[in-house]
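*Asks:* Given two chains presented individually in distinct reference frames, assemble the corresponding complex, making use of the accompanying hints.
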Amino acid sequence: MIDNIVDITLLSFLVILALAIIRMRSLFAVVMLFSGFSFLSAGLFVVMDAADVAFTEAAVGAGISSVLMLATLALTYSSKNADKEEKPTTHKPWLPLSVVVITGALLIYGTYDLPSFGDPEAPSQLHVAPYYLENSMPETGVPNVVTAVLASYRGFDTLGEVTVIFTAGIAVLLLIGGRRRVKPNVKKNGGDREA
Amino acid sequence: MAVIVKHNLILRVVAKFIIPLIFLFALYVQFHGDFGPGGGFQAGVIFSAAIILYALVFGADKAKRVITPYVLRLLASLGVLIYAGTGVATIVLGGNFLEYGVLASSQVAGQHLGILVIELGVGITVMSVMLIIFFAFAERGQAVLSSNAESEQE
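In the order they appear, the protein sequences are chains U and D. Under this note's numbering, the first residue of the first sequence is numbered -9, with each subsequent residue one higher. Under this note's numbering, the first residue of the second sequence is numbered -15, with each subsequent residue one higher.
Calculated directly from the structure, the hints in this document are not laboratory data. From the three backbone atoms N, C-alpha and C, an ideal C-beta is built for every residue, glycine too.
Just the calculated beta-carbon pair ranges, DEER-fashion:
| no. | chain 1 | residue 1 | chain 2 | residue 2 | range |
| --- | --- | --- | --- | --- | --- |
| 1 | U | R144 | D | A88 | 13 to 23 Å |
| 2 | U | Q115 | D | T52 | 45 to 55 Å |
| 3 | D | H16 | U | I166 | 34 to 44 Å |
| 4 | U | S55 | D | T52 | 22 to 32 Å |
| 5 | D | I75 | U | D147 | 16 to 26 Å |
The following block holds chain D by itself, in its conformation from the complex (with noise of 0.2 Å):
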């Protein structure tokens, strides 16, 4: 992956002015997706898209100093953590297996935060494993790459 980086200059200034806005239009579909369409799943690729683009740009290795490799298994597994204690929150609250009615004073207030909480867990995890796949990728790639060096100087 390292060796396509060269002195693209337009496609950097127009990546360093588009991944903000990007992140921006992935959490406005991470929180907005009881409203509008999307939700976590969406929210996740798209916010995995702009570290991706990043990663394109300006090479693997810095994107990883943005977010590093364990940071990344750690979120993934977060994800999941937060959607399954929630379940595990409203069991101790009295109700059923993710049964939000029970999460807040009303059974709507409930769903609303039970719905916000779960979507949050989903973004984390889909974004987490969408980067720790492309990273894999990446890495294997410049091994690849590497080791063809090694073999044409012999």
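Chain U extracted, bound-state conformation (with noise of 0.2 Å):
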């Protein structure tokens, strides 16, 4: 009954926010609308018991990403436009607005043949599921079965997802790391000039 509320609360909170998103012009709120977006979202992660995924949700989509976004708006700045609208639209959005709605539909009519929630006889929970439920704690002795399953069975993995971060860190830094010098006439690209 109180999940229903808060499920219902924060759902429609997350719709109210996706439509500020479209309707707003400036720039900065929507970053800001974004990350608000991205702590809701960690919000629903909580009701539905996955304190982890919520917990990287509110770190990385609310926090750090945030910040980025906000950085890359101070890297794009331009005294012509200092308020950081965004540009208007110069195309007729029916096009991709029946894709969007198509796309949509379609979902929603597949999520009718998805198991509901938390039903034991879904797919993935008869796959390894059990196995790491029963033998976690015997085993490894980690009360953590998601820690467990990410540093021990699946230590490979996550592996394979360390050496990916280290790889975004050293391509960031081969784009725009680095003391260089942005030549002044080099960077007053020729939209700027017209405006």
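*Replies:* What follows is the structure, given as structure tokens:
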């Protein structure tokens, strides 16, 4: 009962935020609303008892990515557009709208074939999940099954993930790292001149 | 980024008060990941968030004096090295790659040790990569701003 109320409240806030993000023109406000959207999603994950996922969503989605998007806004600063307004769209929205509506309708239709939330007969609960739940405590002695799976049973996958993060860091360093000076005439692109 | 830094007294006082608490929470998440929610990834992000908060309030240059970009690059590689090195160590001790059971006298003790060490590796790499990315953005932002100022003077 109380779960339903929390779910409905969080989901309606998510819808309101999504509509606000679409209508908002100021990019700074959009970044802050994205952060709020992530935080509400983290709340939804908590309601679904996925504390680890909620933790990651709150820290990465609401925290770090907002900071990085703000940093990108600061990077793309131009004195012509100091209040960081979104450019008005020049194309008609009907083709993308119809694509999105049809895809969304198909996805919602697809959810009718999915097992209901927390169904013990769901395929994902019948594969390796029972093994982890029954054996992770005697085999690893770690009470948090998520950590046991992540660090021990799927340790090789996690090594791959860490390598991906490391590679991302190297890629960013290669792209915009270092102490290169931006030449003034290169930085002013054609679009700024015309306006 | 440096332009943002002005005399924000309340922001400075609150940041000074809250940054140690964030560090403490990050360490809790790091080493308590076996028992509660969390682990190396979340802890690394929280740890870097504290330093990013410092950089936002006091300026990226001061934050870079706390932890220099060179150290960050070393740490990012060190984390991956710790993780993969644990795997190699288990091979040397006669197990499979990342089979933590051989690290200590009993299976469960070895698992505990192995998970703690590799989570530490994950935390170190995530923390330093997040900071590397943030500092790269901040540095480039400064370069763009100063070149803006130069072109406006011309």
